[in-house]
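Chain by chain, the residues:
2 protein chains.
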Amino acid sequence: MAKAPVLTPQAEDFPRWYQDLINKAELADNGPVRGTMVIRPYGYGLWERMQQEMDARIKDAGAQNAYFPLFIPQSYLTREAEHVEGFAPELAVVTHGGGKELEEPVVVRPTSETIINDYFSKWVQSYRDLPLLINQWANVVRWEMRPRVFLRTSEFLWQEGHTAHATYEDARDYAAHIHRNVYGDFMTNVLGIDVVLGRKTPKERFAGAINTLTLEGMMGDGKALQMGTSHELGTNFAKAFNTSYLSKEGQQELVWQTSWGVSTRMVGGLIMSHGDDNGLRVPPRLAHVQVVVMAIKGDEAVAKVREIGARLKAAGLRVHVDDRVDTPFGRRAVDWELKGVPVRIEIGPRDLENGTAMLARRIPGGKEPVQIDALADLLPKVLDEDQAQLLRESRERRISRTSDVATIEEAAEAALAGGWARIPWSVLGPEGEAKLGEQAVTVRCLVAEDGSVPEADDAPGTLAIVARSY
Amino acid sequence: MAKAPVLTPQAEDFPRWYQDLINKAELADNGPVRGTMVIRPYGYGLWERMQQEMDARIKDAGAQNAYFPLFIPQSYLTREAEHVEGFAPELAVVTHGGGKELEEPVVVRPTSETIINDYFSKWVQSYRDLPLLINQWANVVRWEMRPRVFLRTSEFLWQEGHTAHATYEDARDYAAHIHRNVYGDFMTNVLGIDVVLGRKTPKERFAGAINTLTLEGMMGDGKALQMGTSHELGTNFAKAFNTSYLSKEGQQELVWQTSWGVSTRMVGGLIMSHGDDNGLRVPPRLAHVQVVVMAIKGDEAVAKVREIGARLKAAGLRVHVDDRVDTPFGRRAVDWELKGVPVRIEIGPRDLENGTAMLARRIPGGKEPVQIDALADLLPKVLDEDQAQLLRESRERRISRTSDVATIEEAAEAALAGGWARIPWSVLGPEGEAKLGEQAVTVRCLVAEDGSVPEADDAPGTLAIVARSY
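Protein sequences, first through last, are from chains A and B.
Okay, so the first sequence: first residue is 7 according to the working numbering, each after it adds one.
Okay, so the second sequence: first residue is 7 according to the working numbering, each after it adds one.
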């Protein structure tokens, strides 16, 4: 099938390609209030699947869902000094409610550490109440000066986990467990993105944290995207809100806390990791539509695709039946390609005679005829191959576009050329980090030589990964 | 087991009983900003199950989920005259964002008809784009002067469906389908509440609707709770936002619309329908914890309840294992009773020898010894019985506390005595409705004599159901 280019090619203008894809694949629109977004059904379907997969992993990690209010008294934000400094410039403030000016303005939550600690301080009394492991799915608002759909929006959807522990070690281990076994597992094995797990430098830490763990993905243009973070909060918020417990030994002790979040930003990461000049490519384990069964034309084909669709659904696949034969087939095929559905099964009048269909694969590309009766067995294998291919491509890109360098100048050069640089942190240091910052290059994270997460910034052999970022 | 009364008895003070239950069963707390609430994990678990069941039914009805922004430009609200009049007194207004005063203040959505129509007017071009069936799960804000947890809160969680259709009939039928087959089915068969389906009088309609369908439940004190509504919007919003389409015949036509919602208010309805002086009683089909397997004391009992818990989970039951033997058994049993878990399986040292357990049933009450090996077969039957009992009790209450009356005075008397009255709408009429309103008695809905929903307010034989309400 010959195609007119529906998207600006990536190589020509990557940001424009990204915006084109979001529009044409009907993922999202800009909202009427600057920086907000409307997530359209196909885009929201991606987010729903992310929620499902993540929620199951969060529950496996022992956390329970709850819901805290959108509105936080302004005074709460100021209790933790670094926290308020970090968030003050981004706040949305409600000054009027119910037709009157409020006595105390309230802020729309930019994150919920403060309000949650207000309740933790009531709920936690004894060591028996610990660990307290809470998660919430919510919208948050951070006023955004340079918005970009999914990546930086004034309102976004996320989950935020908040936990309280009896000891430093328990909190540290839990933050690490979320980082690796919840977020890392999901991003690698469901999103198919070969994320790097590391720790943030002090400069890049969350406002109020003693340690921030991050997952960084390399996008199609070689820039980095922070895909999620897990923070050790130490006792900073516990002190500010007096969140303490009576220990087994009868002492009143502050709790040690963590918080961790991933957001609709992951949808942006998915697009920029796996998209190509024909549109999105959705990893099969994530896809809410893994297979679209398309009638090319004719009533018999329509009846057949409905039948095949029902059969494949019963076999456990996530299937959409496209029987809109009053819309030209070519236009529909381009649309499913834009939307990145891994597999299309196309049925036309000739296929009905032969018991065959065309199998079109979005991820490796190409088409081949297949026996309809073989589909239920064949498709799970095809989808497994496709899932593996996306992760492999992501890994290959990261490896081929990461260079080991010895100087700050080389690091900057590699990053500005559209790749990542690895440089010893002992060479770079906070001063070098500041210098890179002048060229809009940042330290994405610190990693150990063996790829593990260093226990401290100054652990021997620690490497900094340096890149431009979203 | 002798119990001290943990809750204010219902007969003594129903509102205090309600608040006691919410506190002691750890369902929710009041938020720091007036009228807001913190939904605690056990309460949120109820809401999550409501969402799951409702979401599946909404998807079966063909609607797709999407997400629209929290912030709406203030000017949008004013485009539909009745709508703004209805909501203006309840709005929360953001005047500052990102450290600056905004050029145009934005309101926090009280509902999303206006912003959604802004997008529908872009997305809908041709008859091929119809029907457009969208749902969103979101938080909304309506500033509340007399807040009560779950029932009237300044922020609440809900789903709001919004649809656009080519004809009046198609919109009318879809609103009715949601009313009966989505909401009615869920409330009757999952929540176990014998809701009455009817239409609102013009006075009680949603601001901007041409018809509002409602589901009204009778609470334990005989008052009514509006559990959900489905609206026909006619072309009111379509006119205000110019949401139109090119018909098959080549004419530009306005769309016909519906909107419909249920909220965390249903949690309040659940409590007030099924709760008793010992706490909540959760219908098994809803319950996120259907069975709690409790170790009374001792390590062997702990090992045993874990084993039984795993076995019952594998059998498809929603099970919680309570192995906190360092907390007194009696206190834990009272707690599960407060939380309304339908079935407790209690295992003590003696049971281990005999291969038996105590089966304690929250809904009919009572305890009996059972063979542990029989549990996986027995429990689904027990839970089915319990589900049926709650619906039966709800139906019996509604029937026994509803009286047919012939005059406005009798209607007011029946309602003020804690019941519902049924009176011909031809006798009551808008004037009688206004008169009842002076005594805080309202027309909950209009129904036909055979219990169906009248096609019009003035359909012959239409009855008004009159009650005090939440």
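The set of hints was computed from the structure by calculation and includes no laboratory data.
Beta carbons are placed, not taken as given, at the ideal position from N, Cα and C, and that holds for glycine.
A couple of the hints might just be wrong.
Said to hold, decoys possible - FRET-style restraints, in silico, Cβ to Cβ: (1) K209/B x L358/A: 52 to 62 Å; (2) E255/A x E107/B: 49 to 59 Å; (3) Q377/A x S253/B: 50 to 60 Å; (4) R134/B x E374/A: 48 to 58 Å; (5) Q58/B x E255/A: 37 to 47 Å.
To be verified - With the Cβ distance kept under 7 Å, some of the chain B side facing chain A (calculated, not the full set): (6) I45; (7) Q70; (8) Y125; (9) W149.
Does the Cβ pair Q377/A, S253/B satisfy 50 to 60 Å?
Violated, since Q377/A and S253/B (Cβ atoms, about 43 Å apart) do not stay within the stated range.
- Task: Using the beta carbons of E255/A and E107/B, state whether their distance is inside 49 to 59 Å or not.
- Result: Given range 49 to 59 Å: holds, Cβ gap about 53 Å.
Discussion item. Would the hint on W149/B be counted as holding, given a Cβ-Cβ threshold of 7 Å to chain A?
Written reply: holds, 3 Å
Quiz prompt | Interface hint outcome for I45/B [beta carbon to chain A under 7 Å] | solution = holds, 4 Å
Indicate whether the distance between the beta carbons of K209/B and L358/A respects the range 52 to 62 Å. Given about 59 Å between the Cβ atoms, the range holds.
Given Q70/B was flagged as interface, is its beta-carbon under 7 Å from a beta-carbon of chain A? holds, 4 Å
query: CB of Q58/B to CB of E255/A, is that within 37 to 47 Å?
result: holds, 43 Å
For this session: Under 7 Å, Cβ to Cβ, is where Y125/B needs to be relative to chain A, so tell me if that hint holds or is violated.
Result: holds, 6 Å
- [ ] Just tell me: holds or violated, for the beta carbon distance of R134/B and E374/A against 48 to 58 Å?
- [x] violated, 32 Å
Checked against the numbered hints above, the structure violates hints 3, 4; every other hint is satisfied.
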